[in-house]
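Taken in order, these protein sequences are the chains called A and B.
The numbering of the first sequence is the numbering used here, which starts it at 1 and goes up by one.
The numbering of the second sequence is the numbering used here, which starts it at 1 and goes up by one.
Calculated from the structure, these hints are not laboratory results.
Check the hints yourself; a few may be wrong.
What the hints assert, rightly or not - Cβ-to-Cβ under 7 Å is the rule here; a few derived chain A residues that face chain B:
id	residue
1	Val96
2	Val340
3	Tyr341
4	Asn342
5	Phe343
6	Glu346
7	Val357
8	Ile358
9	Lys412
10	Ser414
11	Pro416
Using N, Cα and C, we set each Cβ at its ideal position, and we do this for glycine too.
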Amino acid sequence: MIKELNQKIQSRELSCLDLNKEYLAIIKEKNESLRAFLEVYEKEVLAQAEAVDKKVNRKKKIGLLEGIPYGLKDNVCLQGKRTSAGSRMLNNYQAVYDATVVKKLKEAGAIVMGKTNMDEFAMGSSTESSVFGPTKNPWDESRVPGGSSGGSAAAVAAEMVPWALGSDTGGSIRQPAGFCGVVGFKPTYGRVSRYGLIAMASSYDQIGPLAKTVEDVALIYQVIKGKDVKDNTTIEKSEADLEDNFSLKGKKIGIVKEFFDSEGLDKKVKTTVEKRIEFAKEQGVEIIEVKLDYFKHSLAVYYIMMTAEISSNLARMDGIRFGFNESLEKDAKAKDILDVYNFSREMALGPESKRRVILGTYVLSAGYYDAYYKKAQKIREIIKQEVKKVFEQVDVLISPTSPKPAFKLGEKISDPLQLYLEDIYTVGANVAMIPGISIPAGIVSEDGKDLPVGLQLLGRWWEDEKLLSFAKALEL
Amino acid sequence: MTNKIISREEVEKTAQLARLDLTEEEKDHFASDLNSTLDYFKSFSDVDGKVIEKVSINGLMENQLREDELLINNQEEQEEEKKRIKDSFPQANGDYLKVKSVL
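Bound-form chain B, shown alone (with noise of 0.2 Å):
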C-alpha cells in the first residue's frame, strides 16, 4: 500500500485547474494511479540537487535569435494558409472565430 500523497480533493482541484471535467470514477481512479506515481517520484527525494551548472553542450542550448517576421511572402500563400486555419475552427462567423459566451 503507497502512502496517501495527492487526496481526492487534490486531484478535483487540480483538474479544475487543468480544464478537465472528471467523472466522480475518474477521480478515484486517478487519486489511485497518481499517488503510485508520486510514491515512485520519492525515489529521488533524497538526491542532492544543490551542485547545478549548467553543462554546456557544443551548440545545444544555446539562445537563437531572429526577427519576428513574416516567412511567408507571398500574398497568395497567405491568403491560402489563412483559409485552410478559418477552416478548421469549430464554429466561425465570416473571418471570426465564434466561441461561447466568456463572462
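One chain only, chain A, in its complex shape (with noise of 0.2 Å):
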C-alpha cells in the first residue's frame, strides 16, 4: 500500500497535498466517536505536503515514506509538542526533543499526522486507562481496540492513516493489532532504539510498526532499526533481507499445544488461527509440536519485572522537572517537597500506574526481592535457554495472538487480573525478548458483528526480516 501511494505521488496520479486532505477528511468524519487521535497537526501536514509536491513537480525523486502521514503513539516525543503518555502527569509537557525514531522518519520525509491515544504510559490492554477517555474499536464501537497502542492500531483500521508507530512492553503492539484487524510487528529486542520513548518497564520495551500489510511493515521497519547511541541496547547487525521468492515448502512451523488446549482461549479464534495452519501445511510447511514448560511462567515474571522496572521508571514522575505539579494548582496543599512528591503523584497517575507503581515497589521492597523479583530475573533466564532450543528445531512459533477476539469497553476495567491475562501469548516473545509479529487471520462474528482474530509468529533473536518473510507468506 504505502509502495503504490508513492509511486502515485512520484508519477503526479495523485498530489501529496490530496492524499493527505483524504486522511484528514477521514479523521475529521470518524475520530470523534473512535477517539483514535489526541491530536491532529494540519497545518504542519499540509505544509509539509505542499513541500512534497513541489518537490515531484521539480522532477525529484521522492523516498518510499515521503509524503507519507503517520500516527504516532503519544509516548513518543515530538519536539515541541504535547507527549502525554495518555496521563494527566503530563498533560502540560511538551518533548524537548525529538525520539530516535521520529528523527529517523523525519529524515525519511514522513509526516507525523498526530498523536494517537494509548493506555496511561503504556500501562494496559484495552487503551481505557487513557485519561482522554477510551478509543474505540472501528470494527464495533461497543469494543475495545486494545492496547495499550490501540489509537494506532484503530487509526490504522479506520484508514485515517495508513500507517503508524506503537510501542510494545507485553504484547501493546500486537494485541490491539490482533483486535483491530491490521499488522502489528516488535522487532527484537535492541533492533530499534527507544530514546525518545517514555520509558516504562525498560528490559521489555520495544517501538515497532502497526500497518495494512507485512510490506508496509517491513519497509517502515527498515527506516526505524538500527544502532543508537543514544540507546546501549540496539546494536548492529546485519541481517537477510526480506525474500521475494520466499517459499514456505520445507519450512518448520512450532506449535505450542499448551497454547491451543488452554481453556481461555475462545473456540472460534481456535478454529480461525488452526485454518490457517492448515494452509501453511497445504503450502508444504511442517507443524511441528514443540513443548516449552517454562514459558507458561512468562506472564508472572513480566508481570513482576514489569512492575518492578515501572515502579523505578515512574518515579522521575514527580512534579519537578517536569509535568504535574500539585503546588501550582488552585487550593494547593503542598508545604514541602515531600507533599509535592505524594500530592503531585496522588492527582496525576491513573489507578492502573498507581497499582502497578505500588505492586512494583513491593516486589522490590527488602524481604520479598528474592520471592519474587529475583526468582522472576532467574525464570526469565530459563525461559530464553528453553526457546533457544525450541528455534533449533524450529523456525517460527505460531499462536493466537489473544485469547479472545475484542472484548467490551468496561467488561474488564474492573478485574485487574482478568486484563493482565489479556497478554498471555504476547508477553513471552518481549520475556525472552524475541520478535513477534501479529498479521488477520480471519473474522468471526460476535454478536452479530464482525470482529478480526490475529494470529501471532514469534521468531529468533535478530531473524526480524526472517519472521516478517514468514509474516508475508502467511497474509490472508
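Two independent chains are provided; combine them into the complex using the hints.
See below:
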C-alpha cells in the first residue's frame, strides 16, 4: 500500500496534498467517536505535503515514506509537541527533543499526522486507562481496540493513516493489531532505539510499526531500525533482507500444544488460527509440536519485572522537573517537597499506574525481593534457554495473538488480573526478547458483528526479516 | 477467595515508599487487587530457579561502553536544548529549578 501511494505521488497521479487531505477528512469524520487521535497537526501536515509536491514537480525522486502520513503513539517524543503518554501527569508536557525513531522518519520525509491515544504510560490492554478517555474499536464501537497502542491500531484500521508507530512491552503492538485487524510488529529487543520513548519497563520496551500489510511494516522497520548511541541496548547486526521468492515449502513451524488447549482460548479464535495452520501445511510447511515447560510462567515473570521497572521509571514523575505539580494548582495543599511528590503523584497518576507502582515497589522491597524479583529474573533466563532450544527445531512459532476477540468497553476494567491475562500469548516474546508479529487470520462473528482475529508468529533473535518473510507468506 | 498476602497496612507502607498519597478508598481497592495478582504469582513458587547460567544470545545483553562526552558540540544547539528543558520546569527562578522547602 505504501509503495503504491509512493508511486502515485511520484507519477503525479495523486498529489501528496490531496492524499493528506483525504486522510484528514477521514479523521474529521471518525475521530470524534473513535478517539484514536489525541492531536492532529493539520497545518504542519498540509505544509509538508505541499513541499513534497513541489519536489515532485521539480522531477525529483522522493523516498518511499516521503509525504506519507503516520500516527505517532503519544509516548514517543516529538519536539515542541505535547507528549502526554495518556496521563494527566504529562498533560502539559512538551517534548524537548525528538525520539530517534521520529528523527529517522523525519529524515525519510514521513509526515507526523498526529499523536495517537494509548493506555496511561502504556499500561493496559484496552486503551481504557487513557486520561483522555478510551479509543473505540472501528469494527464495533462498543468494543475496545486493544492496547496499549489502541489509538495507533484503530487509526490504521479506520484508514485515518496508512500506518502508525506503537510500543510493545508485553504485547501492546500485537494485541491491538489483532483486535483491529491490522499488522503489528515488535522487533527483536535491541533492533530499534527507544531513545525518546517514555520508558515503561526498560528491559521489555520495544518500538514497532502497525500497518495494513506485512510489506508496509517491513518498509517502516527498515527505516527505524539500527544502532543508536543514545540507546545502548541497540546494536548493529546485519540480517538477510526480506526474501522476494520466499517459499514456505520445507519450512518448520512450531506450535505449543498448551497454547491451543488452554481453557481461556475462544473456540472461534482457535478454529480461525487452525485454518491458517492448515493453509501453511498445504504450502509444504512441516508443523512440529514443541514443548515449552517454562514459557507458561512468562506472564508472572513479566508482571513482576515489569511492575518493578515501572516503579523505578515512574519515580521521575514527581512534578519537580516537568509535568503536573500539585503546589501550582488552585487550593494547593503541599507545604514541602515531600508533599509535592506525594500529592502530585496522587492527583496525576491514574489507578492502573498507581497499582503497578505499588506492586513494583512491593516486589522490590526488602524481604520480598528474593521471592519475587530475583526469582522472576532467574526464570526469565530459563525461558530464554528454553526458547533457544526450541528454535533449534523450528523456524518460527505460531499461536493466536490473544485468547479472545476484542472485548466490550468496561468489561474488564474492574478486574485487573483478567486484563493481565489478555497478554498471555504475547508477553513471551518480550520476556525472551525475540521478535513477534500479529497478522490478520480471519473474521469471526460476535453478537452479530464481524470481529477480526489475529495470528501471532514469533521468530529467532535478530531474524526479524525472516519472521517478516514468514508473515508475508501467511498473510490472508 | 484468595489468600491474604499483602495487608492494607503493607499497602499503605509501600505507597509511602513509592511517594504516593493514597485515599482510604484506594488503599482498600489496591489491597484486594494486589492480593489477587500476588496470588497468581505464586504459580511459579515451585519452579526451581537454581540452575542458572546467563544465556548467550549473540550480541544481546553485552556491555557497550562509550566515552562520557557531549553529543551536541554546537554551542547554539546546546543553549536551545537547555532553554527547552528549562521551559518545562513547573517553577523556575532564572536558570534555577525552584522547589518547595526540602527541610
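Do the hints match the structure? See the list:
1. At about 4 Å, the closest approach between the beta carbon of valine 96 of chain A and any beta carbon in chain B falls short of 7 Å, and the interface hint on this residue holds.
2. Checking valine 340 of chain A against chain B: minimum C-beta separation of about 5 Å stays under 7 Å; hint holds.
3. With 7 Å as the threshold, the beta carbon of tyrosine 341 of chain A comes within range of chain B, its nearest partner Cβ sitting at about 4 Å, so the hint holds.
4. For asparagine 342 of chain A, the interface hint holds, the least distance from its beta-carbon to any beta-carbon of chain B being 4 Å, beneath 7 Å.
5. With a least beta-carbon distance of about 6 Å to chain B, the hint placing phenylalanine 343 of chain A at the interface is held under the 7 Å criterion.
6. Interface hint status for glutamate 346 of chain A: upheld, as the beta-carbon distance to the closest one in chain B is roughly 4 Å, under 7 Å.
7. Look at valine 357 of chain A: its Cβ gets to within about 5 Å of chain B, closer than 7 Å, so that hint holds up.
8. Against a cut-off of 7 Å between C-beta atoms, the interface hint on isoleucine 358 of chain A holds, since the closest Cβ of chain B lies about 5 Å away.
9. Hint status for lysine 412 of chain A relative to chain B: violated, with the closest Cβ pair at about 13 Å, above 7 Å.
10. With its C-beta approaching chain B no nearer than about 10 Å, serine 414 of chain A sits outside the 7 Å limit, and its interface hint is violated.
11. Satisfaction of the interface hint for proline 416 of chain A is found here, the shortest Cβ-Cβ separation to chain B being roughly 5 Å, below the 7 Å cut-off.
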